[in-house]
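Novice: Numbering (the numbering used here), first residue to last: 26 to 101.
Check before you lean on any hint, since a few could be wrong.
Below 20 Å or equal to it, Euclidean Cα-Cα: the simulated SDA-like pairs (lysine to any residue) are [to be verified]:
1) Lys35 / Ala47
2) Lys36 / Leu48
3) Lys35 / Gln51
Please keep in mind that the hints were generated in silico from the structure rather than gathered at the bench. The structure presented is a predicted model; accordingly, all values stated were derived computationally and were not measured.
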Amino acid sequence: MPPMEHIEDKKKWLANYRETTALLEQIRNDELRALTDDQAVRIIASLNVVGTPWRERPDWSGLVEQQALFHRVRKS
């Protein structure tokens with residue numbers, strides 16, 4: 026196969042890939058918009074999380090530590 030034809034094949038493949046990706050994204054968006062709130066809640070509730078999210082203290086947001094970090098950055 027001559028090199029120029031090979032390049033054209035790659036360009037055609039890439040154009041097809043981009044078109045297909047755009048169409049799949051549109052289908053996904055349409056399906057998500059069509060979900061009712063109840064369906065969305067059931068789907069979210071059915072997701073399995075490996076382990077529990079780490080939090081040192083459940084009543085702690087980290088805001089004080091975050092402000093201290095920002096304050097240190099401003100001093101430098």
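Novice: Are the Cα atoms of Lys35 and Gln51 separated by 20 Å or less?
Specialist: Distance of about 24 Å is beyond 20 Å: violated.
Novice: Next pair to validate is Lys35 with Ala47; report whether the Cα-Cα distance is within 20 Å.
Specialist: Holds. Lys35 to Ala47 sits at ~18 Å (cutoff 20 Å).
Novice: Holds or violated: are the alpha carbons of Lys36 and Leu48 at most 20 Å from each other?
Specialist: holds, 18 Å
Hint 3 from the list above is the single one not met by this structure.
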